[in-house]
Structure formats: structure tokens, C-alpha cells
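> The lines below spell out each chain.
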Amino acid sequence: MLRKRLVTVLTFNDGVLFRTKLFEPDYRYTHNFVDAWSVDEIVVLDVTRPGQGTRENFFRVVKDFASRCFVPLAAGGGIRSLDDVKRMIDLGADKVVVNSMTVERPALLGEIASLYGAQCVVCSIDARQTADGRRYEAFTHFGTRPTGLEPAKLARQAQTAGAGEILITSIERDGSLSGYDLDLCRSVTEAVSVPVLVSGGAGSWQHFVDAFNKAGASGVCTSNIYHFTETSIRSAKNFLDKAGIAVRK
Amino acid sequence: MRVAVVDYGSGNLTSVTGALRHLGVEPVLSSDPSVLSSAEKIILPGVGAFGDCIRNLRQTGLDRFLEQVKDKVPILGICVGAQMMCRESDEFGRHEGLGWVDAVVRRLEMAPDQSDLRVPHVGWNELHRTRDCPLFVDVPDDALFYYVHSYAMQPCMADLAVATCDYGSRFMASFQAGMVYGVQFHPEKSQQHGLTVLKNFVERG
Numbered sequence: 001m002l003r004k005r006l007v008t009v010l011t012f013n014d015g016v017l018f019r020t021k022l023f024e025p026d027y028r029y030t031h032n033f034v035d036a037w038s039v040d041e042i043v044v045l046d047v048t049r050p051g052q053g054t055r056e057n058f059f060r061v062v063k064d065f066a067s068r069c070f071v072p073l074a075a076g077g078g079i080r081s082l083d084d085v086k087r088m089i090d091l092g093a094d095k096v097v098v099n100s101m102t103v104e105r106p107a108l109l110g111e112i113a114s115l116y117g118a119q120c121v122v123c124s125i126d127a128r129q130t131a132d133g134r135r136y137e138a139f140t141h142f143g144t145r146p147t148g149l150e151p152a153k154l155a156r157q158a159q160t161a162g163a164g165e166i167l168i169t170s171i172e173r174d175g176s177l178s179g180y181d182l183d184l185c186r187s188v189t190e191a192v193s194v195p196v197l198v199s200g201g202a203g204s205w206q207h208f209v210d211a212f213n214k215a216g217a218s219g220v221c222t223s224n225i226y227h228f229t230e231t232s233i234r235s236a237k238n239f240l241d242k243a244g245i246a247v248r249k
Numbered sequence: 001m002r003v004a005v006v007d008y009g010s011g012n013l014t015s016v017t018g019a020l021r022h023l024g025v026e027p028v029l030s031s032d033p034s035v036l037s038s039a040e041k042i043i044l045p046g047v048g049a050f051g052d053c054i055r056n057l058r059q060t061g062l063d064r065f066l067e068q069v070k071d072k073v074p075i076l077g078i079c080v081g082a083q084m085m086c087r088e089s090d091e092f093g094r095h096e097g098l099g100w101v102d103a104v105v106r107r108l109e110m111a112p113d114q115s116d117l118r119v120p121h122v123g124w125n126e127l128h129r130t131r132d133c134p135l136f137v138d139v140p141d142d143a144l145f146y147y148v149h150s151y152a153m154q155p156c157m158a159d160l161a162v163a164t165c166d167y168g169s170r171f172m173a174s175f176q177a178g179m180v181y182g183v184q185f186h187p188e189k190s191q192q193h194g195l196t197v198l199k200n201f202v203e204r205g
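Chains as they are written, first to last, in this note's numbering: chain X, 1 to 249; chain U, 1 to 205.
Keep in mind that the hints were calculated from the coordinates and are not lab data.
Rough simulated footprint, nothing fancy, chain U against chain X, three-plus residues with beta-carbon under 8 Å: (1) 1 to 11; (2) 105 to 117.
Output of the computed footprint for chain U on chain X, the stretches with three or more beta carbons under 8 Å from beta carbons of chain U: (3) 64 to 72; (4) 84 to 94; (5) 183 to 195.
Everything numeric in this text was worked out from a predicted model, so none of it was measured. Quick reminder that beta carbons are idealized off the backbone N, C-alpha and C, glycines included.
From just these sequences and the hints, can you work out the full model?
This is the structure we're talking about:
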């Protein structure tokens, strides 16, 4: 049986690992705690704002992870062209995470898929609740630019365009530890047939169980990496196992 | 041991070469038959669409080279690298493969009661070994491997398949035909068990 995945998402500002809160770099880590042997998959994202650093520092990060982690590695942040994709793949990424271009030029997803396969294309959607709290809206450019699009609709369009996976992130829950936005996640899992990874808000192992059982997620992301020392990722998997979720132990 | 990784413009070569280096093997990365011909083991990676991969392989003339050496030098195909060894694929249209093994590549089909399964098949899944193969020496029966694919190799013929995997329906997770080996999963992304498979290919293949 296909196992549910625990995915570690790491955000880098000018090549330095930061935790984010509400999408802003919040806490700078001095060490990289990723347990490369227990985590199922790693996503590295460049969140460097324009003019605040160089791309090369992030490229070094990707190359470093690729050379010592024998699990799938997805890289994103600033993927705007096939050249950007090729660079990430050459550095050792297995997948690329596309965010703003999903809205600006969805054809890019198809171009990547036809060259590298749909499994290489992770469409990342950042969303927040609308002011009336009745629906959701997708945002691009680090959560700053509203699109007027519902994340579920955008996800479906992305799947049609060529995305092989969707990463749905709640902007409000980012760094909150208050749990994933299950309604948001469910709206996306119900809209697409590709796997969906959920991100933003994980604060306890039960939040993982809820995302799998109540929101149809294929993988749960956490970027709060101090939870992910070697013993704690094992404890998370033991917790999931006891809750009847099939995970890789 | 001279291990060559075929560089034909498709695939994530960094992952494969990184895994080999971790095993203490310094691979030769090349698209030049005269360089590849000195290899004792050849790995044919493949990430991407079948049509693009096989076109690149033919354009570089490497299909003819591999054809010539496949009975003398062990070759391991990974993912689309393995799929290309089959007769044909219907990923984005019909494409003829190398035809070394008697199987075809078809979109993963979901049985009616499993319509909730998502495609691509992404993540860790077990494989079921159907006969002995050097690739799986010292690999436990319940070992998990990382898969990421929408198309799969079928049927699972007893004299070809060495392992199968179930996702919606059954497909070939690994095959062996003489010195030709193929794996649908990614050994270079499957942690210690994947590294064991690569080590086995290098040492026992």
C-alpha cells in the first residue's frame, strides 16, 4: 500500500535557513536539522525577496541537499522559465515547485511536464480566507498579490495544464502551530486527482492524522524543523501508525 | 569497477551519480560510445516523458550502442530508462521502445473499487518479489521503495518480472532478462534499500 508521506519544507532567505511566520522570515536557524534518513521527502524553497540576495546562494543549498539526501528533493521559489527548471534539475532536484507562474503563465506547467514528466511539476498554491470567511483566494508573490481565483479552481487548472502534484499552503496558518486548514485542503483534494500535499500550521502529530483522514492529503508538510530531530520524526510516525495511517517507518 | 551513467539529455543524473559516489563508486558520465564501451556496468537513467527520452537516445545514436553491448555488459534501466527497454509506450501518443523485453508501458489503471487512488503514483510503496534476482540480495521482503510515475510496465510475466507492485492494478516493479535489469522505482531516492539495490547491481549484476 502506498504510504502517506511526511514532507519537510525548508525555506531559505539568501541561502540561509529561516522559519517563516505569515510568510515572513521569522527565525533564523544556525544548523540544519533535517534527518535525511527518516524524512520521506524534502522541499526546499527560496523565499529571498527581489534584491535581497543572490540566486547562487540558494543554488548551493539545492546542490548540497541533492548530494547527501537520498530521498526525493523538490526545489522552488523563482521558477519562471524552462531555464530555471533545467538549472534546478541539473543541481539535483527531482521536482520543481511552481507558484506565481501557475497564474501568470500556466502553459509553463505543460512545457515542464512534456520535457520532464508531470511527476516533476509541483504546483504550489498559497491561499487565505476571504474577509467574509466564506471562501478562499489564491495569492502569488510570497502571498502578497491576490489573484481573485479560488485555490480549488486554480488547482484543477494546474492539473489540466500538466501539474503532477499540488502543494496547498494556508498563509494565515503559516507558523501558527494551530493545525492545517482542513477545509482549504479538502476543497483542493476534491477538485483534483493528483496527489495533494498540505502545508501551513502543523503543531502536533494529531494535525497530520486530521489532514490524512479528514482532508484527503497524500502528504503532510512541516517547516517547523526543530520538531524533526531524529527521534521526533520517528515519534510522529509511531503516532501515525497507532492511528492506523500507513507510513514508512 | 568502471560504472558508466548514460548521459543522453534526459533524467536526473545528479541523483544517480550522487548515490554511486556515496557507495564509493566514481561513475563515468558520458554520451560518447567510445567512453561508455570501457564500462563494466552501465546505468540508463530516465526522468521525463517516454517520447522525449527515446528520441534523445536515438538522436545520440546511443540506442545502437546499447543494443550492441547489452549481452556483454550488465545494464540497469531506472524508471523511464527501464520503460524504454520495453516494446512500446502510449505516454503522450504511441512510441516504439528498444524492444529488449516483452512488455509494454501503459497508463496506471485503477480498478473500479480503487478509483480514489491518485495518479501519478508518488511515494513509498512495497514490492513483491516473484523470483530471485541479484539486485535484491540483502533487501528485506517488506522494504519500501520510492515511486513516481503515471505509466507502468506490464504484463508481469513470470520469466521476466523479478518483482511486482500493486497500485490500482499490478505492474512490474523490476525485471531481469539476462544482463538487462530494470526498476520502475528510484533506487537513488529510496534510502538504504535503494542504495543496496545499486550496490548489488555494481557488485553482483
